[in-house]
Amino acid sequence: MSGVMKRMGMIFRAKANKALDRAEDPRETLDYSYQKQLELLQKVRRGVADVATSRKRLELQLNQLQGQSSKLEDQGRKALALGREDLAREALSRRAALQQQVTDLETQHQTLQGEEEKLTLAAQRLQAKVDAFRTKKETIKATYTAAQAQTRIGEAFSGISEEMGDVGMAIQRAEDKTAQLQARAGAIDELLASGALDDSSGLAKDDIQSELDRLSGGTDVELELQRMKAELAGGSSSSQQALEGGTGQGQQAPQTQDTPRFDKQ
Amino acid sequence: MIVRIMGEGQVKLSDDRFAELNKLDDELLEEMENGDGPGFRRTLDQLLDAVRRLGEPLPDDALEPSELILPAPDATLEEVRAMLSDDGLIPG
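Top line first, the protein sequences correspond to chains A and B. For the first sequence, position 157 (counting from the first letter as 1) is numbered 157 according to the numbering used here, and the numbering increases by one without interruption. For the second sequence, position 50 (counting from the first letter as 1) is numbered 50 according to the numbering used here, and the numbering increases by one without interruption.
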């Protein structure tokens, strides 16, 4: 097998230590860590089983040696009873050698028993830790998943609010622009009205010019009226005078012309 | 053999099931190397389904190390490629 499965498995084993603190997704790290703990616990349990097996084997050997020792003691006793002190001596010396082995094995047995107790205790403690870790791991994973979901929701919300903010800003900008234009239009009107700003269109007039225009307009009407009156009277010279006088003295001129004529009558 | 699906758990598979899985696994690797996103997604789903179908799930407290590891069901081609890059699963 050379596919993804195998390669990932190899990488996982190769990067075991780094995986514990650098994995991007803490849930995977936790799962992996838990797996490693279980493997460790398995090793400890195997260790306990191995020690227990050795202890059992020692116990069997001890029983065997003790059996042989008893047998040699009996043989020695019987040899003595038969007057064979040499045989009795041989049996007892063999028994002494066996006793030495028994003593050694008993020491080993005690040591193994101590080891076994320690390992059993360690396995129990480790089991408790692994159980606690498993619970914690599931809690953390759930919390992490929830936090992730929460972040996603938060992002969605902030996205929406940003969008709404954009719309709000656009409206605000439009309102500002309108108000600015209105204010500018008002200011220009005022400036034009006051004469502080020249009207480039040439349509606007200041108040003095307007009054002058009004006055001159009025004069023209009066002059026209006077001219028509003179024509009706038949005197082109008098009308000419009237016109000339009108330019200088206004409305009083025709009266000075008419008065002598009335006086003559 | 024990197979772990990341983020899901472990599954025990008998060795004679691996012929079918190997084919899919090799396809998956090829699609990943060729950058075939849709193909990768399809094959990964097929492979995970096959593992779940053919295997027997292990209880959470089972003391079995995984010999093979599969990406999480939602893993993307880029994520898996990053995991299998020269830096390995974790950079550094």
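Any given hint could be a false lead.
Said to hold, decoys possible - For the chain A half of the interface with chain B, some residues (derived, Cβ under 8 Å), not all of them:
1. GLY3
2. ARG7
3. GLN35
4. GLU117
5. LYS129
6. ILE140
7. ALA142
8. LEU223
9. ARG227
Keep in mind the hints are simulated off the structure, nothing from the lab. Computed from a predicted structure; not experimentally measured. We put the beta carbon where it would ideally sit given N, CA and C, even for glycine.
Each hint, compared with the structure:
With 8 Å as the threshold, the beta carbon of A:GLY3 comes within range of chain B, its nearest partner Cβ sitting at about 3 Å, so the hint holds. The criterion of a C-beta within 8 Å of any C-beta in chain B is met by A:ARG7, whose closest approach is roughly 5 Å, and the hint holds. Checking A:GLN35 against chain B: minimum C-beta separation of about 7 Å stays under 8 Å; hint holds. Here the hint on A:GLU117 is broken, as its CB sits about 22 Å from the closest CB of chain B, past 8 Å.
Interface hint status for A:LYS129: violated, as the beta-carbon distance to the closest one in chain B is roughly 13 Å, over 8 Å. At its closest, the beta carbon of A:ILE140 sits 13 Å from a beta carbon of chain B; the interface hint therefore is violated under the 8 Å criterion. Here the hint on A:ALA142 is broken, as its CB sits about 13 Å from the closest CB of chain B, past 8 Å. Below 8 Å, beta-carbon pairs count as interface contacts, and A:LEU223 has none with chain B, the closest being about 97 Å; its hint is therefore violated.
Restraint check, A:ARG227 versus chain B: the minimum CB separation of about 100 Å is more than 8 Å; hint violated.
Comparing the model with each earlier hint shows violations of hints 4, 5, 6, 7, 8 and 9; every other hint is respected.
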